[in-house]
Amino acid sequence: MTENSTATIWHEVTSPFCGIASDDLTIEVNGNTVSVVENGDAITLAGFETPITDTQPRINGKEVTLEQAVSHIAELMTRSKHPLIAGLGTDLNGARAVMALADKGGATVDSYYSPAAFRNILVLQDSGYMTTTLTEVRNRMDVLVVVGSDIETSFPRFFERIVWNEESMFGQNINAREIIYLGKQPSGDASTSPDGKRAQVIACDNTDLPEVISVLRALLKGKPVQVEAVAGIAISELKALADKLAAAKYSVITWAAGELDFDHAEVAIQNLCDMVKEINATTRSSCLPLGGKEGDATVNAVASWQSGYPMRTTFNRRYPDYDPFLNDSRRIVAENETDLLVWVSSFNTNITPPKTAATTVVLGRSGMQFDVEPEVFIPVGVPGIDHEGRTFRTDNVVAVPLKKLRDSGLPSVFEVLSAVEQAL
Amino acid sequence: MLLKLTGGRIFDPAHNQNDVVRDIYIRDGRIVEKPIDGRVDEEIDVRGKVIMAGAIDMHTHIGGGKVNIARTMLPEDHAEAIVERTELMRSGCGHAAPSTLTTGYRYAEMGYTAGFEPAVLPVNARQAHMEMHDTPIIDKGGYVMLGSDDFLLRMMAANADQEAINNYVAWTINHAQAVGLKVVNPGGINAFKFNQRKLDLDEKNEFYGVTPRDILHRLSRAVKEIGVPHPLHVHGCNLGVPGNMQTTLDTIQSAEGIPMHLTHIQFHSYGTEGDFKFSSGAAQIAEAINKHKNITVDVGQILFGQTVTASGDNMRQFAGAPHSHPNKWVCMDIECDAGCGVVPFRYKDQSYVNALQWMIGLETFLMVDDPWRIFLTTDHPNGAPFTSYPHLIKLLMDKSFRNDMLSTLHPEAQKATHLASLDREYSLYEIAIMTRAGAAKLVGLADRGHLGVGAAADITIYTDNSDREKMFEKPDYVFKDGQLVVRHGQVVKVTWGTTHVVKPEYDVSIEKSLQEYFDKFHTQKMANFKIHNDEIVDDGRGSLTIQPLHKGGKL
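Chains as they are written, first to last, in the working numbering: chain A, 1 to 424; chain B, 1 to 555.
Just so you know, not all the hints are guaranteed correct.
[Said to hold, decoys possible] Listed below are the simulated DSS-like cross-link pairs for lysine-lysine, each with C-alpha atoms no more than 25 Å apart in a straight line: (1) A:197 to B:520; (2) A:223 to B:198; (3) B:277 to A:221; (4) A:404 to B:530; (5) B:493 to A:104; (6) B:198 to A:249; (7) A:277 to B:198; (8) A:403 to B:399; (9) B:512 to A:403; (10) A:404 to B:525; (11) A:403 to B:198; (12) A:249 to B:204; (13) B:348 to B:291; (14) B:520 to A:403; (15) A:249 to B:520; (16) A:104 to A:81; (17) A:277 to B:399.
By construction, these hints were calculated from the structure, which means they are not laboratory data.
Based on the sequences and whatever the hints tell you, model everything.
In structure tokens form, the structure reads like this:
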């Protein structure tokens, strides 16, 4: 940290706004104004630079003190028959406070990003997988297959940081890395190698991926395939991909589950994962599921170690009761099964609570706009800007420290929800 | 507040007290001298009761990525062991991979006051500490894992001098906030990334040309030279492979007198004799342990039933994956640092192999002479969940019970063991050595595991019962740092234990090459890798206890 009269410059700042959690950002802070000076991208710029507007809690639109807001939430929790704590854009200690409150208050917990996360979690719980992490990919990967995902829109620096680095630890020619898109086309050039080689694209609609993946797996296993094309892709083209995977020393299959938005995508992912296990009979291959931003990986991790289960667990009967379908927050809200929605969204002003008849409490990032003013709104600090924190990366292995960059006085989710829990 | 425990039978091997009747005085969390004026604020009559220091589990997988994968993976295993919330305790669950809260409560209820996570990956250390932070009552700590990390192997391939390796080891222990150093399948996890499927003690990693023997040598020397009390904690090559007893015997030889702890030795004591080509090597291994005083072991006893195996050894876990039950498993390569594998498993008493594993573990317990050099573990949850310790203690203390159990197992396995002829029964004193005094000495905890003046008042009080399982599963009282936390086997107060660490000195020049390495190859900055002391204190509940180094180590 170096200071001049007006601004503070921070180095090696971690971004919690993207699942790869780049930690090489340089950030300038001037009062409450934050600017990304180096290594920013569309996602981190929006994440860090969204200005603070409101700083005062409100009850039914009227400004109140934090203490009043907290005791009002505690009252609502006490009266509620089935509280739902959802959204869950928060950091480690925020997630701990959510779990403690849910346990005490008999609430159900679920994350905004669960529809994507559960496409992977269901596979873990049914058959498992072989995965790898970002630094392994950066140093070992020779073939990268991107399945159904335009990763550069959600993970803008993935290729720069993980794929097209200057050198690998094992003397690999970086330009020789093969990038193959299966399904979606990439929207930009991030996947083009430094020497100008464009990624190969084997295009199909994402909804055709289950079929395409099944055929690819069959080809890798040497099963006879009668048809000549599947979803418009020539079998010969898939066969060539299968051969590449079999010949590669360290292939990596990646997808952003959030983009595999079709019914039972988990089954297609399971097929991919089983295929990767089979490739490992002779050579090395690993999956790299991409996701985990804005506390998504963190809340699932904390829920698992504190309760044994990831998101979509209810404490309504005084013990953790996990059901990935019944405890889906979107379903609960749609079916009017909750009378109190506590919405936590401390990273992203655009992730606002769903429309619901239930009484709504929002712990939201300052600047959040509502169609319907919630009963309680508490503008909270952003982990990694307004207070220190820790967050997990997409690989669920590395947890990175988040810095406090400014002194906005906004409370953390941990502070607010711990106070609510104490008041119950 | 001065508390007096009156008239108990003291088993305190650190002070050679074997069933000695004396009073214990506690003030401010410590055991103190009898007050000069004789005034006490509270007295508990414990006449006739058995008193030991709180038990210490020196090898238990309670925190970190692989454990959490196991938790998330096994909803069906939790469903049979759901724990309701009480006024005092959080809800939770779990049998094979319990939630952190349940883990802490259950350990305390069995009279355990500390548990050590043996496989903390440097890049995952932050998570391990987060989970241990959420584990109530007991103290904790971790052994950080090196040996398959590319930084070390690069140093070794470049023939770095021992001083540089010592610096790196000390740096890692400091910044991962660890109390010891572990190596898992030395170099093997790394070799698996290059598609090598096995790595014997003298087999070279195909990229680095380094052998497991070299790695063991370098790391065990480093631990000794930087003064870390806990010897290098070794999960050897070829875990679970029939015939691996020879690797283990060679590993013991390779230590060349330097202290080395061989963990879950049961999984490394297999021969290849008999019709099943699988036999017990316990006798030879025990003989070698008895002979080599620099060697300590913990057993990693298996017990029958469902569990989950969670290990850093993804090379061996991948090989074992076809045996997963239920049929699901995870293997991971991790950050040019390590790996992990999680494979659920059910040990069956009518399986020849599993029955013999059970016998091999018990043979080892009974044939290693010195209870100061062998430790009671199931390698939780790999051999069995830690909640089976009282049952295991009964197997060790009660020959007729043991032989009754033995007679129900796979008949061919019974023929392959001479367990029935082993008459040894562990005494209470020996149990106190294995689970208290010896464990504290091994981990390097100066103020735990004993009942002398100045010790932390971690104390467990049992009613003597010839059914040792009943006795050890439900202590009458457990004190943690002087506070009564368990009464009649039930938690009555929830406290938060400390995290034990060591802080060996290193030369900061090591950071120059590390900085370069992180910048060039990693996806995280070196500064962000380091875990600061205040992260352990965290929300205020945590604390750090720095244990003293051995003489010879720089302070």
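Checklist entry - So which of the earlier hints does this model not fit? => result 2, 3, 8, 11, 13 and 17
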